[in-house]
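Read left to right, the sequence shown gives residues -25 to -1, 1 to 342 (mature numbering (1 follows the signal peptide of the UniProt record, and there is no 0)).
Rather than coming from a laboratory, the hints here were simulated on the basis of the structure.
It is possible that some hints are incorrect.
Unchecked claim - Dumping the calculated DSBU-like pairs for lysine-lysine here, alpha-carbon to alpha-carbon at most 35 Å: (1) K200 with K110; (2) K207 with K255; (3) K176 with K207; (4) K176 with K111; (5) K200 with K176.
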Amino acid sequence: MRSSIPGLGRVMVLLAAALASASLAVPEGWGEEGVQYGQVGTDVTLSCTGVHAGGARTFGRGLPGGDFVMTQGSLCAWAAGGRTLWLTVTSPRTPDLPGVPFVSCRASDYENFSCSWTSSVETFLPTRYVTTYRKKSLTGEEKRRNKNGHMGPCLQDLSRPGTCTVHGSEFWSSYRLNITEVNPLGSSFRLLDVTMQAIIKPDPPEGLVVEPIPLAPRRLHVSWKYPSSWPKEPHFQLRFRLQYRPVIHRSWSVVETVNLSEVITDAFAGLEHVVQVSAKDFLDAGNWSEWSAEARATPVRDPVTAASGETTTDASLESLAEEPSQAPNPEPINHSDPLEKVAVLVSLGIFAFFVLAAVLVIIVLIW
């Protein structure tokens, strides 16, 4: 097994090189007619149709048959049939060869996956991309049918430049992508191994609806639908997470569920709430989807709280009405001296002492 994998990798490299060479073999397909490309720092051979080998030339080296070798920056003139042909050599402003492209892949369902790429070097030259894939995880039957593995093109979408799609992929399989960037001066490629379980990322759920629940001031009913790109199969389900908050707050509350609806039970009565939902593979493969578009709703106001608030307001007004006025109190004010009260209490105490002593004397005499 170890020896077969590097061999297959070399096959992919050779395939990319062959495709790149085929592209470079047709220079007229790279741009406007009469434009020829060459690598910076090297001589360029120009084919001049209709010019004989003895024609006038400057700043270059002639070849039999009318061809002409020019060095970088040269300017030459040819006399051919009474006409003068001016040839100019310009050099690109950036490195000659394309850089290794940046590539990332994502599967929005378990039947297809797409890859996107960007160039790592801006060459200011016309560029093409050759995109192929090879299935790495093969069954015994597949290996017998095709010793080199299952290979095919990653189909490019002209409406979305920089992307390609592999259709009919298998969820439990691994694939090797070859993205080759080709320009008139050369090519560069990147090989990327992808596993469907690792790159699965569903599209956001659709049809999000949030509604208040009558007579339930702290509750909101939330419902949504599967993303249309995700096939509904019993063995490939999604789970969801819900995030919500009052509009005036910044922190989110998050709830996870496997259902297509959920009841928020801790909403704030009378405050508008914003809600979003995202999805992920039920078995936790891959990544969460992006959040859906926002939906908003306001829970109903609590009638008891509202009524109690009104009652409290009325009671406050009544209590204010019943408060005593600031007019002087007509009742007489007691101006008695506190020392006088103390003297009276002391006298009563002494009197009680003598009475008690007399009672005790009488009891003793009787006995």
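Hint-by-hint comparison with the structure:
no.	hint	verdict
1	K200 with K110	33 Å, holds
2	K207 with K255	14 Å, holds
3	K176 with K207	15 Å, holds
4	K176 with K111	21 Å, holds
5	K200 with K176	16 Å, holds
Hint check: no violations occur; every hint is consistent with the structure.
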